[in-house]
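Number of protein chains: 2
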Amino acid sequence: MIAIDKKILRARIQSFRPEFEEKLATLVGHASVSMSADHGKQVRACAEAAAGYLEKEGAEARVVETKGHPIVLAQSVVDPKFPTVTIYNHLDVQPADREGWTSDPFRLEKRGDRYAGRGATDDKGPALVALFAMRLARALEVPINLRFLWESEEEIGSPNFAEALAGLTKGKPGPALRTDSILVSDTIWPSAKKPAIPYGLRGLLGFLVRLKTGDKDVHSGTTGGAARNPIGELCALISECYDARTGRVKIPGFYEGVRPVGHAEKKGLAESGFSRAKFQKAHGLKRVRFAEDAKLLSAIMAAPTFEVHGIVGGYTGPGVKTIVPHQAEAKLSCRLVPNQRPADVFRKVKAFIKARCPEAEVHFESALEPYLVDPSGPYIEAASDATLATFGTRPALTREGGSIGAVVTMSQLLSKNVVLLGLSLPEDGYHAINESFAWSQAAGGMELFVRYFAELATRGPAR
Amino acid sequence: MIAIDKKILRARIQSFRPEFEEKLATLVGHASVSMSADHGKQVRACAEAAAGYLEKEGAEARVVETKGHPIVLAQSVVDPKFPTVTIYNHLDVQPADREGWTSDPFRLEKRGDRYAGRGATDDKGPALVALFAMRLARALEVPINLRFLWESEEEIGSPNFAEALAGLTKGKPGPALRTDSILVSDTIWPSAKKPAIPYGLRGLLGFLVRLKTGDKDVHSGTTGGAARNPIGELCALISECYDARTGRVKIPGFYEGVRPVGHAEKKGLAESGFSRAKFQKAHGLKRVRFAEDAKLLSAIMAAPTFEVHGIVGGYTGPGVKTIVPHQAEAKLSCRLVPNQRPADVFRKVKAFIKARCPEAEVHFESALEPYLVDPSGPYIEAASDATLATFGTRPALTREGGSIGAVVTMSQLLSKNVVLLGLSLPEDGYHAINESFAWSQAAGGMELFVRYFAELATRGPAR
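Protein chains in written order, with the working numbering: chain P, 1 to 463; chain H, 1001 to 1463.
If you're looking for bench data, these hints aren't it; they were derived computationally from the structure. Note that this is a predicted model, so its numbers are computed, not measured. There is no bait here: all hints are sound.
Lysine-lysine pairs mimicking PhoX-like chemistry, simulated, CA-CA at most 20 Å apart:
#1 H:Lys1278 to P:Lys216
#2 H:Lys1212 to P:Lys281
#3 P:Lys212 to H:Lys1281
#4 H:Lys1212 to P:Lys286
#5 H:Lys1194 to H:Lys1281
#6 P:Lys354 to H:Lys1286
#7 P:Lys295 to P:Lys267
Construct the complete structure from the given sequences, taking the supplied hints into account.
Here you go:
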């Protein structure tokens, strides 16, 4: 056992606060929006700044090129005989225009215990938590090797991550990537009082449906009744694909392969501290689809979805412009659960839509496989012990509704021992306006991580 | 009979061309978009320029204020004993951003016989045709009094027209508005070879449906399945309101009061020269709702519609941003036919939507009553004779799919003798990008109008 004096450790962590703030402000200041073609430079600048921080902390760091945005790779190897843990975070962020934000999204603003800014909680804050945890591990002489794998394309489904990793590993992890386990910090607790270790992630299938019925918008008086309406037809297609009120997908075969959730698992998930009231409040939702907590929980954690992210078509300015539009496009995705396969689901969705409207174009956009592991392994156990020591409570074992493409890739190419040890809270506003991260979560996270490293060092690699 | 030498008349009209072009360029140059809050000055500037033209032509002209955009009122009264005809046009235009236009929409561009620019055909070109027709009438000493009523709010449903007219007439048309008949030139021929006099117009009910399900867009992983999707629900509502593939409205009672079209009328409409192929080509439509001409014709001329003009909601930038949106809004309208009433239809639509989704807001936007007259009156007969003399063919008697709110108002307040003598062609692109007007139609229109004036002068007022 590695002796950790709680009081000294916590005082030390508190002393990091000004530096943490400064570094977070710098990273948030780089508008690393991977989705935007105009932000390539800022994505790179953010990766370079992060690599600089890792280097300054004593790690060997480098910026690795991919076909898209770069990956930051770093290592702090003390002794090859020590166990090695790889920490995954991402440095890219969701888009954010100024609308709805109470401050500039790309300028960190301190609000009491909270730091507001795009990327604060997803996932720049947690990345910096890992950086400071390395400092603590070295100060406490924890016998562990650390690697950092920080990518810049998580928000667009990590399209180049697998190829880049395969290139680096050439079949099996070489010295630069060899690891005993992986810590991923990009997930959310059910509530501030309930830490969580998710043992599953939903997959994702992103796609576009486009329908063009003419060359130009035309007069709804002169042509209305005879002319087709692409928005109306797209609405019909969407309504045929799913029942928006219940979320039930109506595409034949969509639910094929969905792994049933047993009684024991349901019971476990129900203990995650989820409550409808808290959920609605955290996400600013007026009403949700179901009244019962268990039904909501299972809809998020264990069921696939069909979601409309946006519709573009027709006149969107002030008033009502009486045109018949000539095209419409819907941005859609399905969150998927084990054992659905994105490629198979896409085939079914496309066939269903094409059968109803042959002219509709159905464009594949992105795919992430769902992920599920046994929640009773030794790494999750070590993380659970570290959580208890840090937060005074055992974590809930949950399944995350979101998707992290890199997790599946890393579990296939680097190590099956992946632990999802997120630090974000529902009220942080993942992907939402006024995203923020709390210092209390950052500080707790630093302690949690160094305790987890110590647990791993004590237990030794479970090869 | 007033003797008109065709050759001399036509040569004279040809000599107007440079001046017509110059004046049309000036009017098109004023971006008189009544729908836009930012274009008030340009709407006024256009009205003032037009009033100036009328004055220069020898009419007494003035710009009359309304609660909204102004009306241009002018008169050329030669002798109170002569019959008086009031010519209605509108000077406001549909919005036009640069997208899809091959030239600046607010800078007239000459392309052979055609003039391209927003408002060229709807309705600035036809207004100028009336101006030059007045010049011809005076030159030929046609014993007729002319009035001009050019409004600036037609494209937003003439919300202040009735009140302004009522104010000017104070119950019955005073000297400034007294008229025997009204000529409205804001309608479209079925094809370049087939002039038309519509004896009916569809009405219009414009409305918005807005659904807000939360305070902000949220993460579709973290909340998807539990969170409601306002776009999805709006699509469902729209699909419940109507079958977009056939256009059939499913709202109970929607078709109540629709006047059946008898065999004789159907036959008359069918003679208008409508053909599916020409219609599709003129409007750039890939496919239309029905294969048979008669069905298409009746869908435009004699049946009501439910139309989606635009949907706003969710993410509309590049790629797929995996959010659950928090609100969505659809811009909608119904074209109505006799004897549907906009207020009654709105009540039914709102009740239908509210019953399915109580949180949906249904906002009334605008209403125009449908219009239908007996096509066999003496004024339509005079117009038919003038058309035959000018174009060598009798006009088709049609029903227009569009709506002109002012027609109903004027027929109630000024005179029942309304004749719709439009000059636009399907290929002109009413409300569409690259709107244009042909010189041949302008020249023909000048001849048609002066011949019509001469017919009226010969027949005398049918009081």
